[in-house]
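Chemist: For this one, chain P is given, so just place chains R, Z and H with the ligands on it according to the hints.
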Amino acid sequence: MGADKNGNSRSTPMTMIQALRSAMDVMLERDANVVVFGEDVGYFGGVFRCTEGLQQKYGKSRVFDTPISEGGIVGAAVGMGAYGLRPVVEIQFADYFYPASDQIVSEAARLRYRSAGEFIAPITIRMPCGGGIYGGQTHSQSPEALFTHVCGLRTVMPSNPYDAKGLLIASIENDDPVIFLEPKRIYNGPFDGHHDKPMVPWSKHPFSEVPEGYYTVPLESAAVYRPGAAVTVLTYGTMVYVSEAAARESGIDAEIIDLRSLWPLDLETIVNSVKKTGRCVVVHEATRTSGFGAELAALVQEHCFYHLEAPIERVTGWDTPYPHAQEWAYFPGPDRVSAAYRRALET
Amino acid sequence: MGADKNGNSRSTPMTMIQALRSAMDVMLERDANVVVFGEDVGYFGGVFRCTEGLQQKYGKSRVFDTPISEGGIVGAAVGMGAYGLRPVVEIQFADYFYPASDQIVSEAARLRYRSAGEFIAPITIRMPCGGGIYGGQTHSQSPEALFTHVCGLRTVMPSNPYDAKGLLIASIENDDPVIFLEPKRIYNGPFDGHHDKPMVPWSKHPFSEVPEGYYTVPLESAAVYRPGAAVTVLTYGTMVYVSEAAARESGIDAEIIDLRSLWPLDLETIVNSVKKTGRCVVVHEATRTSGFGAELAALVQEHCFYHLEAPIERVTGWDTPYPHAQEWAYFPGPDRVSAAYRRALET
Amino acid sequence: MSHDEPLRLHIPEPTGRPGQHTDFSYLHLSPAGEVQRPAVDCQPAETSDLAFALIRVLDDDGRALGPWAPQIAPERVRAGMRAMMKTRIFDARMMIAQRQKKISFYMTSLGEEAIGTAHALALEEGDMCFPTYRQESLLMAREVPLVDLICQLLSNERDPLKGRQLPVMYSVRKAGFFSISGNLATQVIQAVGWGMASAIKGDTKIASGWIGDGATAEADFHNALVFAHVYQAPVIINVVNNQWAISTFQAIAGGEGTTFAARGVGSGIASLRVDGNDFLAVYAASRWAAERARSNLGPTLIEWVTYRAGAHSTSDDPSKYRPADDWAHFPLGDPIARLKQHLIGIGAWSEKEHEDTQKQLEAELAAAQKEAESYGSLADGHVHSAASMFEDVYKDMPEHLRRQRQQLGV
Amino acid sequence: MSHDEPLRLHIPEPTGRPGQHTDFSYLHLSPAGEVQRPAVDCQPAETSDLAFALIRVLDDDGRALGPWAPQIAPERVRAGMRAMMKTRIFDARMMIAQRQKKISFYMTSLGEEAIGTAHALALEEGDMCFPTYRQESLLMAREVPLVDLICQLLSNERDPLKGRQLPVMYSVRKAGFFSISGNLATQVIQAVGWGMASAIKGDTKIASGWIGDGATAEADFHNALVFAHVYQAPVIINVVNNQWAISTFQAIAGGEGTTFAARGVGSGIASLRVDGNDFLAVYAASRWAAERARSNLGPTLIEWVTYRAGAHSTSDDPSKYRPADDWAHFPLGDPIARLKQHLIGIGAWSEKEHEDTQKQLEAELAAAQKEAESYGSLADGHVHSAASMFEDVYKDMPEHLRRQRQQLGV
Ligand SMILES: Cc1ncc(C[n+]2csc(CCOP(=O)(O)OP(=O)(O)O)c2C)c(N)n1
Ligand SMILES: Cc1ncc(C[n+]2csc(CCOP(=O)(O)OP(=O)(O)O)c2C)c(N)n1
Ligand SMILES: [Mg+2]
Ligand SMILES: [Mg+2]
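Each protein sequence line maps, in turn, to chains P, R, Z and H. Residue 110 in the numbering used here sits at position 110 of the first sequence; the count goes up by one each step and never skips. Residue 282 in the numbering used here sits at position 282 of the second sequence; the count goes up by one each step and never skips. Residue 306 in the numbering used here sits at position 306 of the third sequence; the count goes up by one each step and never skips. Residue 130 in the numbering used here sits at position 130 of the fourth sequence; the count goes up by one each step and never skips.
Just chain P, same shape as in the assembly:
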């Protein structure tokens, strides 16, 4: 994947953060209607540095700081979208999107429908999500299922720098509102759940080769991250690497599907795989009950019932707030995933 599909051949190793910044840079350059804003994203460049340097390059009215008001940020973005801009906004942590719920659900997601297409909300809402950084319950959440239940929204979560940039560009160009979740634990390197091992930087990973220019990774398309024959693993974000580690450590030939777009979903890739393996494990970091894994399990049994040889397993965060000190007992690490693979194969 070091080469660019769109013919742009210059690639550089990038972290997720650099790739995301590059996506915004490319789009700010290409489209005068793209604007970037959020808490601390202007002068300072974002608490995770994703927008560093962009204000200097594109000026204060294209990239700017906002008041600490997630509802205001999204509400203003909806109005700008109605005008004709393409706002790309940052919610500092996914845990803080709640004050924007009404603007996301009742406004952005429904605007095209309720106005029969007169007004649209082509906005991209970036938010770092997930745990593994000792952030405690308000810096660790993965609220994707609260978005996938809302019709009219697209929900996307990349797992590597190449996809991060390509999916973010695709999201910015998309005319629907997109919730763009960034698993912050892998901002600087793929993380396989072994928190006691030294961090691996992105530069060691092939998907960190990122074209410098414009390209997209299409929405609604999953990637087979690791082909395999024994069991289908449906996952996304950080859990792709945890699932891979579990395959390595358990010796089980798992086919790991990185969903990338959570909703709308690439169901075909999923169904083809499960029909092949007959077994399915869903892995996500969010709490279990009514998590996105529930929808995946429901869909798989609907579409592959007669191919399934074992119950679909779900490996997820527990149904508790994300604790600070017990982080690794909470995090669904490789051991728990391996155990699920084994259970799926037991019968």
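Just so you know, the hints here were simulated from the structure itself, not pulled from any lab data. Among the hints, a few may not be true.
Stated by the list, open to error - Derived coverage of chain P by chain R (criterion: at least 3 residues anywhere in the stretch with Cβ under 8 Å from a Cβ of chain R; other residues may be distant):
#1 89-102
#2 120-128
#3 316-325
For every residue, glycine included, the Cβ atom is placed at its ideal position computed from N, Cα and C.
Modeler: Just chains R, Z and H with the ligands now, with coordinates in the frame of chain P:
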């Protein structure tokens, strides 16, 4: 069920509205810490009249009107709960809970946990939900799945006057925050989805016999609304009657389970039934994707995989906003439910 | 000041309940012509006293007085008069249609017609309004085709919104009228965002956001004030204080002992409190605010003092919570009657012309209604197809919606 | 005022960036002793000018001047002095512990110690504070056991919050200190609710809610103002304006050309703007507000003007966005130095006593830290059990959590 388990023998036929009002009346009387407030609930008695007469009876500082601010209503309730009161608040329509999301999810649901039990939020949040009244997209939603995903919350939905009163009293007495969803289409009579037929009043239904005094219906307990052998139907609220009509009309001997408490759930009753019938249909009015039906389907296949003889079917609202004019094409009526029963039995 | 006295909760009450007469002295009216008119480029703090006074132009005899009396051609005022009358007739007819069950739901703007009408005349083409459900007068002033509106109300096959929205939740982009949300208060911060976008692009268009007294309690109103102030957005924030929010009096929304305009000043926004039943005052204040916004001088908040003369909606019965004849005693009167008196006074109108206009508008509306009804209604099932229900959820219909549409068999 | 000029977006900027000197004239200071002190039962509107002025008691020479100079026994002031010093030492030691990786995260209140300290002394036992993460001085003034606090910071086996919360997110009910939320601004409306509850029950306790300048932009702040005003709740709303919200200057939160206190007045709430680095002014204003609340006279909003001298948190580097030596130039100085000068001036303190107190507090803290560390830390894995993670989600553990706990095998 005309008799009261708690030895209180005087019963009267009540509508859902009367039963809910009676529950609040009983609790305002019994517990000086119970307070009732919300938009238009004070002087006027609520747009659905659920609190009619209560302000007059208990005074303005026990039952009062609030500013139109769902976030303020729930936020104030959390503070009152921390003081030691038991607030029972009304969100005028479930569609309007979004401004209160942060107070519900980040505050009420997590307060006990984050303070290790020092502070609690024993609040009950009532909200009319569901369609069938030509309310359009902002007076028809069933957002239960957005609550069942949030650990720390209890989510309850009664389907008849007896349960409505007993569950509401149990919710008010419960020390956890409870989301109490009231299917407004059945406020005045059970509705089986045949919108073109005359409305049936509650007085014709046995569960409208409601004891006048105190009693509870326990949380976390489902009811087998209609015993049957052919297929297990998991449902709640208005859909109980639609599912019943479908059983009648299709001639299929469905076992209809009225969940009553959506989360935490009475899994045992569900598993026992599915193990018996080997087939399962989930019916709800909310949009399908990541709806609560997904969790039910996931749980059932986890716990009953080897007993299942057909894929679990989901009959739900479509993944669109609730339209005004196409209400009955949207509403999952008896025909769609019957068809699902048949599909579940086909194999 | 003993500390041993128990605390008690204060619950605001209106000054009149059914069977009583409301004491309207809480409104603190200023006489017509008395309030100063600061320069358009004044500092927000210079409007502090305007937020507590009441800008009025028309006195009890219909004379236009004081510094706020606008420069406006009589022809424009006559157009405004027609639009107000049209709004009132429209509302009255649609109420009847609702009672006849031709339309499923309705909300009138009775008594508030001057506000949207004069405001629309004070804006320019291309400016965008973000209205609530009670600004049909904006549409009348902008001469939106009546048939389209009535088809929306009938939810019929020609409803431009494809039957998706409750009646009155219009969306008319070409008339600068943003899609109405059923969720209160969301649109004002959107108006601010729209205005910010106009400023980002170096455009000259401004936005105008609308909100009711009751809805100002929603947190989104705060977002609008904060963003408008911080970015000095070219926007007018209109608070229509019609004294009621369904059954709750404006004091329950925070109007007791202060004004909604005062909120604006506190947030660093120039703010005016204006007689909303005085067409000329509405026009003048709107012009002032529009000029300010368009000249890069920032936002203005205007509290329009008026009265919701009718029920909240066709689902409501106000005699349950307020005196039945309350409007008759409201000191700011009827906007149509007041402008009529003024126009006749300056010789630009007559009783005859009024009657003729009334008849002509009645006829125009009857014709429009007839045509619209010929396209069916929700009641008779002539609505957009069930298949159309799956469109516009996304720009392109995803697989799962195609599957669902198929399942429905449409 | 040409309409053809393009609009432009205004983006507020601080008056100093790295490498420059901040121009602090935007603060609009009043001289000590100059601002009037209205009666406790004044109308909110009578505080309008107080919202733009700055209540100060201590002048540059440490003299207590004017009508706000409080009646307070020197012994109490000395206790306040000790609590401020203890706060500063605590912060300094915990910062070091964080750098040593003994604790995972920390936030100091350097430069803001007077506010919580004097406020706590002005409240009564049983009153409830709803703080943010920068009010450790409330805890010091209320003499909460240090070992408990440090165990929370270490997330160890004796952490009263069972390791669930990030360091500094204390909850100390018996000290009237509500559980801190990581989500900004949520606690102020809760404080209002608590105060309303006290009023509903006819109690005599009041609530005190806390929020930063940056967080006032959150919509929940509006909810707090609206509810406090409507119900005249017995509550003090404290806005700590320390000029910064992580990297954004207070103008980005809406402070430009107005004050945070002005928001309160606009909402019909009596509001004061006070020198937050002046212990005596903080005490006096807090007493005034507390008396008002406790006497059924309603809420008060107080804007405390101060400066966040340190980094936002241990994850932050402020030299990236503001002058590195900014605090040294902040015109309201250091609260500890100012009170020290005053106390020495009135003969109630000496350099020697200061040094002795410093040493004694250092020793007390060292001992507490040592004891706390003996119970382990997150770093060394001596934390609450994994099983405890499943407790307190609900009052009684439901079936599904028992199942999950079993699955984890704990
Ligand atoms: C978020 C939300 N909460 C509640 C409602 C229900 N509701 C509809 S209109 C209304 C009253 C609004 O009053 P006001 O803002 O004064 O406007 P008016 O009707 O007087 O024009 C209420 C409570 C709603 N539509 N949205
Ligand atoms: C809802 C929410 N949004 C964003 C954040 C991230 N955040 C934490 S502290 C902070 C700055 C707060 O500044 P201020 O209110 O001025 O308080 P200070 O840190 O200066 O004491 C931000 C943006 C958060 N915790 N919660
Ligand atoms: Mg109103
Ligand atoms: Mg600050």
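Chemist: Which hints, by number, does the structure contradict?
Modeler: Of the numbered hints given earlier, the structure breaks just one, which is hint 2.
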